[in-house]
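Trainee: Residue-level listing of the chains:
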Amino acid sequence: MRFLARRIGFLLIALWAAATVNFLIPRLMPGNPAEAMMGRLRGHINPASLHALEVAFGINTHQSLISSYFSYLNNCVHLNFGISLLDFPEPVSSVIAKALPWTVGLVGVSTILGFFIGTALGAISAWRRGGKLDSVMPPVFIVVSAFPYFWIGLMCIWLFGLTLNWLPYLGGYTETITPTLSWSFVVNILEHSVLPAFTITITAIGGWILTMRNNMITVVAEDYVKMGRAKGLKPRRILWQYAARNAMLPNLTGFAMSLGFVISGAILVEYVFNYPGVGFLLLQAVENEDYPLMQALFLLLTVAVLFAIFVADIATSLLDPRTRNNS
Amino acid sequence: MRFLRILGSVVGRGFRFLRRDKKAAAGSIILFVLLVITAFPSWFTPHDPAADAYTPGIGLSWTHLLGTTAQGQDVFSQVMAGTRQSVLIALIVGFFCTVISVIIGITAAYMGGLVDDGLSLLIDVILVIPTFPLIIVIVGYLRNTGFWLMIFVLTFTGWSYGARQLRVQALSLRNRDYLLAARARGEKSRYVIVVELIPPMTSLIVANFLGTALYALLASAGLQFIGLGDISTQSWGTMLYWAQNDEALATGLPLMVLAPGIAIALLGTSLALLNYAFDEVANPALRPVKIARARKVAA
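As they're listed, the protein sequences go chains A and B.
Count the first sequence with this note's numbering and you get residues -8 to 318, in order.
Count the second sequence with this note's numbering and you get residues 1163 to 1461, in order.
In short, the hints are calculated from the structure, not lab data.
Keep in mind it's a predicted model, so treat the numbers as computed, not measured.
Yeah, the Cβ is synthetic: ideal placement off N, Cα and C, and Gly gets one too.
Any given hint might turn out to be false.
[As the list claims (entries may be wrong)] Beta-carbon label-pair distances, calculated as ranges:
{"no.": "1", "chain 1": "A", "residue 1": "M248", "chain 2": "B", "residue 2": "F1257", "range": "43 to 49 Å"}
{"no.": "2", "chain 1": "B", "residue 1": "A1346", "chain 2": "A", "residue 2": "H69", "range": "18 to 24 Å"}
{"no.": "3", "chain 1": "B", "residue 1": "Q1233", "chain 2": "A", "residue 2": "I168", "range": "33 to 39 Å"}
[Stated by the list, open to error] Straight-line C-alpha distance at most 25 Å; calculated SDA-like pairs for lysine to any residue:
{"no.": "4", "chain 1": "B", "residue 1": "K1184", "chain 2": "A", "residue 2": "K217"}
{"no.": "5", "chain 1": "B", "residue 1": "K1185", "chain 2": "A", "residue 2": "K217"}
{"no.": "6", "chain 1": "A", "residue 1": "K217", "chain 2": "A", "residue 2": "R119"}
{"no.": "7", "chain 1": "B", "residue 1": "K1185", "chain 2": "A", "residue 2": "L112"}
{"no.": "8", "chain 1": "B", "residue 1": "K1350", "chain 2": "B", "residue 2": "S1204"}
With the sequences and hints as input, model every part of the structure.
Mentor: So this is what it looks like as C-alpha cells:
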C-alpha cells in the first residue's frame, strides 16, 4: 500500500512538473514568441477567441502570473487547450483526436513487434553463446543503432518506394480515394503503413536484443537452469520456460515504458513518411507557430509516458515481489 | 617524475587494452580520424563547401568525389566541413552532461536523507519528460538555433539518465569498508569523494559520456534535419535538410542523403563501439565468450 501511495505521489508530482514546464517555456523565451503570434492574428480572428489565446499565454491580461498559472492549470484539468491556428477554428483537442489513432496504430503495433522479435533473438543469442547468431547480432546492432532512425526511413523510401516501386511511401492512405469502411480501403491503409512500421521495428529491435541478451547471460548461470539440465529437460523447454521467462522480467518494465513513448517515439519517422499522426502534427504546429497545439501535444506526450511508467511500476511489483520492499 | 610514470603506465595500459579489444580499437581509430578532420577541416575540403559554383546534380567523379548537390555544391567538401559541428556537439554535450550527472548523482548518494530524496525526485521528473518533443517545443519557440543554444538544450534534457545510473552505483559503494575507513580516519568529504569514491566508477562514467555523446549526435542531427538547426552553417543534419528540401531522392541524387547519413553513422558507430568496450570492462559477465566455451569443455 505504501508502495502504491509513493507511485501515485510521484505520478502527480511529475504531471504537475510537466504542466508547469509547459506553462513556463513560452513565458521564459526572449522576445515573447506568443506575443508575436498574437500580433499576426489581430483582425483575423474574432475577439472572443483572441481573448482566450491571450489568457492562455498571459498577454495583455491584467492577471498576475500566479493567477494566470492557476487558470492555466484549471484549463488543463478540463482538457481545454484553446483553438488550433493550423486548423482554425477547430479546438485543439479535436485536431489531436483525429491524429492520435494513426500514431497509436502504427507505432503501437511496430513497438510490440519490435519487442517480441528483439527479445526472442536476444534470448536465443545468449543461449547459444558464441554461436553464429551471437557473433553476427551485436556488431550489426551497433551499426544500425548509430544511424539516425529517420535516415533509415529515407533509405526505405529510396529503395522500396522509389527504386523498386513496391509500396506507397507518403501519407496514411491514398488521398484521392474517399475514406470508407471497405476492405480495399483497409488494404490501402495497411500498404501505407508497411514502410514506416518496418523502419520503427528495425530500429527498436536492437535495444531489446542487447538487454535481453545481457539479462539472459546472468540467468543462464543460475542454479535452477542447471537443475533443469540435470533433470534432463528438453533444451527448448529450459530456454523458454525457465531462463527466458525470468530474464524477461526487467525488460517488461522497459516494454511498458516504451508503450508510453509510442506517441512521441516516432516523430521523425512520421515526418519522413508524411504519416498523419501526432508526431507529424507536432512538427506542423512548430512550423506554423501554432502554439496552443504545440502546448497541448507536449502535455499529451508527457502524460502518456507518465501513465505508462506508472503501470509498468505496478506491473513489476506484482510480477516480481523483490521490488516491493526495497523501493 | 612520479606524474610522468603514472601517465606512462596509463597510456601503456590504454594501448594494451586497444590491442586486446578489437571493438575499442576500431572505435578509437574512427574517432581519431574524425577528430583530425574536426581540427583541420580545410585539409580535407578540395572545394569551398558553401560555393554553389559547380554543375548541379552530377554523380561520383574524380573532381567531385561524392558528386554535387542540386544547388551545385561539392558533397564531399560539405561532409568534411560538416564534421566539425557534429563532432563538437556530441563531445561537448557529452562532457557537460557527464559533469552534471557526476555532481548530482554522487551528491545524492553521498549525502543521503532529504538531499537524496530531493535530487532523486528531480532526476526522475526530468527523466520521464519525453526529451525529443521537449527539445522540439523549446527550439520551436526560439526559432533559430545557434550552436551554443543547441548544446544548452541537449544538455538540459540529457543529463538525468546518467545521474540516475551513477547515483545507484555510488549508493552501492557508499557503505563499503574502505570508504568507512577513510571517513573514520577523519578525511574531508571532498577527499573521500574524489580519491576514494570516483575512481572505481570511472568505467561507468566513461560509458556514460559515450552514451550521451551518441544521444546528442542523433538528436542534433534530427533537429537539423527538420530545419531547427542553424541552416546557414555546415553540418551533416543540415545537409539532410537541404536534401529533403531539394527532393534529392525523387530527383535521382541519393548521394546527398547517403553521404551525410553514413558520416553520422560512422561517428555514432565509433562512440557505440567504445561504449560497448567500456561496458564489458565494467561488467565482466558480458565479456568472456571464449572463456565460456572453455568452461563448457571442462565441465
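Trainee: Can you confirm whether the C-alpha distance between K217(A) and R119(A) stays at or below 25 Å?
Mentor: holds, 15 Å
Trainee: Holds or violated: K1350(B) and S1204(B), Cα atoms, limit 25 Å.
Mentor: violated, 50 Å
Trainee: Does K217(A) sit within 25 Å of K1185(B), going by the straight-line distance between their CA atoms?
Mentor: violated, 32 Å
Trainee: Hint says 43 to 49 Å; check whether the CB-CB distance for M248(A) and F1257(B) agrees.
Mentor: Given range 43 to 49 Å: violated, Cβ gap about 28 Å.
Trainee: State, for the Cβ atoms of A1346(B) and H69(A), whether the hinted interval 18 to 24 Å holds or is violated.
Mentor: violated, 58 Å
Trainee: Does the structure keep K1184(B) and K217(A) at a Cα separation of 25 Å or less?
Mentor: This hinted pair is violated, its Cα atoms lying about 32 Å apart.
Trainee: Starting from the range 33 to 39 Å, see whether the pair Q1233(B) and I168(A) falls in it by beta-carbon distance.
Mentor: holds, 37 Å
Trainee: Starting from K1185(B), check that the Cα of L112(A) is at most 25 Å away, please.
Mentor: holds, 22 Å
Of the numbered hints listed earlier, those contradicted by the structure are 1, 2, 4, 5 and 8.
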